[in-house]
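So the number in the working numbering is just where the residue sits in the sequence shown, counting from 1, plus 346.
Hints may contain errors.
To be verified - Pairwise CB distance ranges (calculated):
id: 1; residue 1: Val-400; residue 2: Asp-467; range: 18 to 26 angstroms
id: 2; residue 1: Ala-476; residue 2: Gln-367; range: 42 to 50 angstroms
id: 3; residue 1: Pro-479; residue 2: Gly-445; range: 36 to 44 angstroms
id: 4; residue 1: Pro-479; residue 2: Leu-410; range: 30 to 38 angstroms
None of these hints come from the bench; they were simulated from the model. Cβ coordinates follow ideal geometry from the N, Cα and C atoms, glycine included.
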Amino acid sequence: MCREPLVQVLSASLVAPNSPQVEAWLEYRVEDPYAVRLVFGARCSLSDEPVVWVFARQLLADGLDGATGLGDVRVWPHDPEQMVVELRSATASALMLIGTDEIRVFLAAAHGLVPPGGEGDLIDWDTAIAELP
Numbered sequence: 347m348c349r350e351p352l353v354q355v356l357s358a359s360l361v362a363p364n365s366p367q368v369e370a371w372l373e374y375r376v377e378d379p380y381a382v383r384l385v386f387g388a389r390c391s392l393s394d395e396p397v398v399w400v401f402a403r404q405l406l407a408d409g410l411d412g413a414t415g416l417g418d419v420r421v422w423p424h425d426p427e428q429m430v431v432e433l434r435s436a437t438a439s440a441l442m443l444i445g446t447d448e449i450r451v452f453l454a455a456a457h458g459l460v461p462p463g464g465e466g467d468l469i470d471w472d473t474a475i476a477e478l479p
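Could you put together the complete structure from these sequences and hints?
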C-alpha cells in the first residue's frame with residue numbers, strides 16, 4: 347500500500363525580528379500512520395536539500411490545545427490563529443509560528459485517512475518485529 351502523501355502547505359515564520367515566511371509543508375503517509383513529516387524547502391537548508399522532521403501526528407493535535415512534547419519537538423498554542431513549533435537538535439534550535447487553521451485542515455484530512463486509534467491496524471507487526479536488530 348503505497349499512496350501519495352497528504353500534503354498541506356503552511357504559512358510558517360521563524361520567531362525572530364523581521365523574520366520572513368519560511369517555505370514549509372506537512373506530509374502524512376498512510377504507510378507510516380503514527381507520524382507526520384514537517385518539511386522545510388531547500389532554501390531553509392545549508393545543504394540545498396529539504397530538511398525533514400518526523401514526529402508523532404498526535405503531537406500536532408495535542409499542541410492545538412496545550413503545550414506538549416518532550417525532547418526535539420515541542421508544540422503549544424500561541425494565540426487562536428497560530429501555534430508554536432519548537433525544533434531542537436544537538437547543534438541548533440528554531441521556533442516557528444504556524445497557522446492553526448492549516449494544522450486543523452491537515453489533521454482532519456489525515457484523520458479521514460486513518461482515524462485516531464486506527465494506526466495500529468495498518469502496521470504489519472510480524473514484519474516490524476522481524477526487522478528489529
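Evaluation of the provided hints:
1. In this structure, Val-400 and Asp-467 meet the distance hint of 18 to 26 angstroms, their C-beta atoms being roughly 21 angstroms apart.
2. Separated by about 44 angstroms at the C-beta atoms, Ala-476 and Gln-367 satisfy the suggested range of 42 to 50 angstroms.
3. Range check, Pro-479 to Gly-445: about 40 angstroms between beta-carbon atoms, so the 36 to 44 angstroms window is met.
4. Separation of Pro-479 from Leu-410 is about 36 angstroms and conforms to the stated range, judged on CB atoms against 30 to 38 angstroms.
When the structure is compared with the earlier hints, no violation turns up for any of them.
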